[in-house]
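Residue numbers (the numbering used here), protein chains in the order written: chain S, 1 to 386; chain A, 1 to 386; chain V, 1 to 340; chain L, 1 to 340.
No wet-lab data here; the hints were simulated from the structure. A portion of the hints provided could be inaccurate.
What the hints assert, rightly or not - Pairs of lysine-lysine, DSSO-like flavour, derived with a Cα cap of 30 Å: (1) Lys143(L) / Lys260(L); (2) Lys385(S) / Lys218(V); (3) Lys143(V) / Lys260(V); (4) Lys143(V) / Lys175(V); (5) Lys385(S) / Lys218(L); (6) Lys192(A) / Lys385(S); (7) Lys22(V) / Lys218(V); (8) Lys385(A) / Lys218(L); (9) Lys109(A) / Lys47(A); (10) Lys143(L) / Lys106(L); (11) Lys192(S) / Lys47(S); (12) Lys47(A) / Lys192(A); (13) Lys106(V) / Lys218(V); (14) Lys218(V) / Lys385(A); (15) Lys106(V) / Lys143(V).
All values derive from a computational prediction rather than experimental measurement.
The residues making up each chain are set out below.
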Amino acid sequence: MDISYSPEQIAFRHEVRAWLRANVPEQRLPSSDTPEGWDAHREWEQKLFEGGFAGIHWPREYGGRGAGVVMQAIFEEEYLLAGAPERISQIGQNLMGPTLMVHGTEMQKQQWLRGILSAEDIWSQGFSEPDAGSDLAGLRTRAVLDGDAWVINGQKIWTSYGANADWIFALVRTDPESPRHAGISFIAVDMKTEGIEARPIRQLDGRAGFAEVFFTDARVPLANVIGDVNAGWQVAMTTLGFERDAPSKPWARYRRDVAELARLARARGVENDPVVRDWIGALFADAEAYRHHATRTLSRLANGESLGPEASMTKVLWSEMERRTYEAGLDVMGPYGEVLSTESPADDPSLWHTLYWFSRAATIYAGTSEIQRNIIAERVLGLPKG
Amino acid sequence: MDISYSPEQIAFRHEVRAWLRANVPEQRLPSSDTPEGWDAHREWEQKLFEGGFAGIHWPREYGGRGAGVVMQAIFEEEYLLAGAPERISQIGQNLMGPTLMVHGTEMQKQQWLRGILSAEDIWSQGFSEPDAGSDLAGLRTRAVLDGDAWVINGQKIWTSYGANADWIFALVRTDPESPRHAGISFIAVDMKTEGIEARPIRQLDGRAGFAEVFFTDARVPLANVIGDVNAGWQVAMTTLGFERDAPSKPWARYRRDVAELARLARARGVENDPVVRDWIGALFADAEAYRHHATRTLSRLANGESLGPEASMTKVLWSEMERRTYEAGLDVMGPYGEVLSTESPADDPSLWHTLYWFSRAATIYAGTSEIQRNIIAERVLGLPKG
Amino acid sequence: MKFDFTDEQYALRDAARELFEKESSPARLRELWGGGARDARLWRAMGEMGLLGLMIPEQFGGMGGDEVDLVLVLEESGRAALPEPVIETVAIAGPMIAAGGSDDQKQEWLPRLASGDAKVTVQVEASPFVVDADIADALLIEKDAALHLVPSTHFDAAAIQTEDPSRRLFTVTAKLSDATRLGGGLFSQMFLRGAWATAAVLNGIAMRLLEMTVAHVKSRQQFGRPVGSFQAVKHKLASAAVLIESSRSCTWYAAYALAKDLPDAPVAISAAKAYASEAEGYINTEALQCHAGIGFTWEHDLHFWLKRGRALEQAYGSARHHRAILAHHVFDELDRGSER
Amino acid sequence: MKFDFTDEQYALRDAARELFEKESSPARLRELWGGGARDARLWRAMGEMGLLGLMIPEQFGGMGGDEVDLVLVLEESGRAALPEPVIETVAIAGPMIAAGGSDDQKQEWLPRLASGDAKVTVQVEASPFVVDADIADALLIEKDAALHLVPSTHFDAAAIQTEDPSRRLFTVTAKLSDATRLGGGLFSQMFLRGAWATAAVLNGIAMRLLEMTVAHVKSRQQFGRPVGSFQAVKHKLASAAVLIESSRSCTWYAAYALAKDLPDAPVAISAAKAYASEAEGYINTEALQCHAGIGFTWEHDLHFWLKRGRALEQAYGSARHHRAILAHHVFDELDRGSER
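This is chain S alone, in the form it adopts within the complex (with noise of 0.2 Å):
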């Protein structure tokens, strides 16, 4: 057992923490959903992919770094800590590029992997529909074959960017004959084609942030296609394989939420109530115990192995901590936490707010928690199908 770093991963944490220090704006970006925000999120992206820091977990022949899942690991734990803002190019760069590397045609890798990686292209996502979120083989759209194209109908929602990616990659239904898995194909969506209209979701704490994508008749080349046609749900496990393989949330995020939680009970003179204690020591041992399990599955990551379906264990991890700090703040804040204004304890009460709901969607997106425990019930433990 060595939990140690080499010289190698310690000296490019040195060259990110010192580059990200001399490049990270002082002052927040403003929201990546207004159009200044927007403009302002791709020029960062563009200055990380100068500094050589785009795709640092890309092969080399495809313009990465060929970094590891360590260096990967410490590249976000650094870029948290600084910090430093939102990646817009994150589904580009952690999902289709890689995707498209196993997937695609060399004219298709030609064609988008350089634009994901300079963050010319930003790439959303179009899996989930109304009538299909945990259950994604329950979707809807459709793809018909007319001519050169391939003639899109439908809508998918909860597409992260969506109303300001340049591209879109969709799971649609080509063959509507076959049963639920089989006749769905894989396709890239230029979102300038006409017949796609976004909408930004507005959440419920007011933010946007997401988009509902509506395709009417929209006309989209045959060339799209990543892999087989009606083998598009092949193409989909590769692309939620990587989201399931890719190193876990840094676990000094937690560490810091539980600071974050100990100073707002300081804040609210709370300090010194055993109870509220007892609740902060129960969620710095949960942070503990995300953080050496994640350095587990790091461990295996960097020796070659693939989580499967143990992935699972640790998304139910994180996201049930991110719920449990949150609610816990909620109480801790007391008659503050319904407050927006400068009287709250929060240094940035309606940041605060928005981090709460995004804590209790944590357990829904990417897999439900009780989608996660069935996977974990049926495919660790063996437990018969229900």
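Model the placement of chains A, V and L on the given structure of chain S, informed by the hints.
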């Protein structure tokens, strides 16, 4: 809304209290698992009968007092607070007697009711089987017609007082061809019948109390079937209805448990630990909620309503509160929690452990919490079957 | 023994529900959330229906009822996420002025409270905030172990931005004097009344959250079957139902204990508020989990109840606060050796 | 970066498991529960296999290993509900004497500990009880911020009746003197080592409880299908699996931190013990619930692990105790402004 008692009810309470004060043995009776304990308990029941406190809810025509549910609840509350012995006549008085009154022939009533009241006959219940726990309709014990008798073969389990009882009422499969709920009969069996063997079950706290009852070619008179042959399921539903619509467990029990927990905390020197106090406060709130909810259901029963599926709510409430209370007790005991000798801060550590383990059984017997939640979801909330 | 309401009490509950459904529909609530102004019609209609004067003596134009008469109306106000100071004006100020006000104070305020011509808001020491202080005609305030009834000319209100725009909070600065004092001996009652009424409102919120969730999971299909047929979902909602119904029993008893001035009223109230906060907290979490994506949208009504619920869990003492009071009571009883 | 064990460490784990299955089977355990005497063969076999000397320096006949070498063996001792003082003798006394003993003390004790010729038990201030004090050759005891190593000639043991007869507890009275002192500076380590080792044993107990429960619900049929196919059961066991695996990660890290003498070792240990107690506590409750009736019988083996688990949850500091330590650490870090 009027939650007060009538003068008649108050008078009854005083009568019960005075009688119990005068008659409850000062020394706890030996365990009913032992021969001398069994005799002592039967004697106690006879004393209750002579005092006019057997079958207080039975109609006068059958020798009862004709007391309503409120008086019945008053009796149980006083009985608990007086620290009176467990009642080995319960199954006869609360289940078999009332079932006979509904489904029994005149002759059957003549044969059995009087002995139930006078504690000459102690009854036990033969429903559960090793492979039919939550799934009662999965029972396998068979009765085959042979001349003037049903010949019974099979096994019952978790039979309270089964090792010593005089009679057992059992569900047996009389038509093996019929589907699950059909083809079952409800039959009364003299435990002295040849071919019946009762083996006490040793529980994980080392005590007995339940038995397994084995039937090997046991011949039972045809006249012992209650209700129609093959219509035993309906009779059993009547029996379970009496169990369901009985007044809930006395709330005073749970307030006493919380006080006991506080006493343990004091004995352990953690009375001022605010985390322990937070638990105690929460459990007291639980006990209050149970108390008032039990009163509300009692009021419904007193006004002629049946609880139906809502009885499951009360079961979930008291069983889970009971478990939480004793689990908190174990934590409060700290290193003393595993101790059975006088070092323990519990007055009677051996009894304390028995109560602890019994609290963990509370979410299982009389329908597991899982079954209760299914009932609530489907029959109170109207959610679809899974 | 009748732990139930009269036909009249149920009829009033039904009338209140109908009024709230009409005059304070989710669509109307959405207008407020969008910055719209409150409609004075609702409060007046409540006055006309007699809801506002329920606990005000008949001689001052009220119904002369008690907390048992009011408790189902409070539940309904929670079910409707009513954007009005029902807790403060109806459950606290009315009975407090009736009990402790001078003759002049009673003459001045009670008839106007009963008719809906006046609103009174409340500040307890446990919270720095006051609801609807800008439109209140008077403020009932705890200060140095005394109560004051301060007319709106004698206090200033500064708005606080809140997450729930239909629950408007303010900080106030009030000029107190001997003239503003309300009769003594009632100090602790204000907080207790607020805790009790908030428990009732929380129960109503919880009921609505459960209703919405049950309806959603019955209709929402995944994997070719209703989401509500999955045992994980069923068991959560069954647990919520158990908590909510027992919480209602607990709060109803507290109403009865207040109405009859029983000695265990304070304990019953702390138990009710602690329990109601936990019960609502449970369904608050699971309602959103069961709604999943759609529940996170501004366009769905669910968040009105989610936010109001989270706010009221903390109002007039959190569960944690009241549990500490209850623990104190348990040890106190132990010392007095009185378990019966 | 390799957060994993070596092939040798896994081989030793497998060997330990095989030994425990053979020499400490549930049937053997049942004999002890029935009043049977302990078999000295097991401890000797552990010595021969090198398990007892894992953390004793090679010069004294041990393997010179560290906590990482030991942690899987501790898990196995929990999986087997081993009725031996592994925590005290192997995880605490051996390394403490090696670190703080005088040359004489080392010479006298370490070789015998490694071979299995001697057992040492432990008393920490947090508990009035000592395991296996009647058969221990020495007692390591905390007193007035100092450590003493007391030979069996200098202490008396009085038996305490416990619920788990294979976990034998005693109260002791020991004669301490300067001659019994063990080197300074190690005071707090004894409790921490005990907490860490107990966390590892708890993880093993939890693993066994989960294994037994999974096997049971796969085979037990109700309503015409395996009980393990019901979502309510599946989700509980999935939750248990998540807790147990992450608890193991946490305890493994604590082993590593101890072995490397990292500055965060104390915090890692408190986190590990708090978490392991909760993880085991969860499956302890659900294992019995999922077994239902049969799990409540004396004849079923489940209760060996249920009782051992509940006892160890409290040993060397309950979850509550360690959470208080962790909260202290969090505020301490806040004061030092060091989040990185």
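Problem - Structure versus earlier hints, numbers of those that do not hold, lowest first - result: Violated hints: 6 and 13; rest satisfied.
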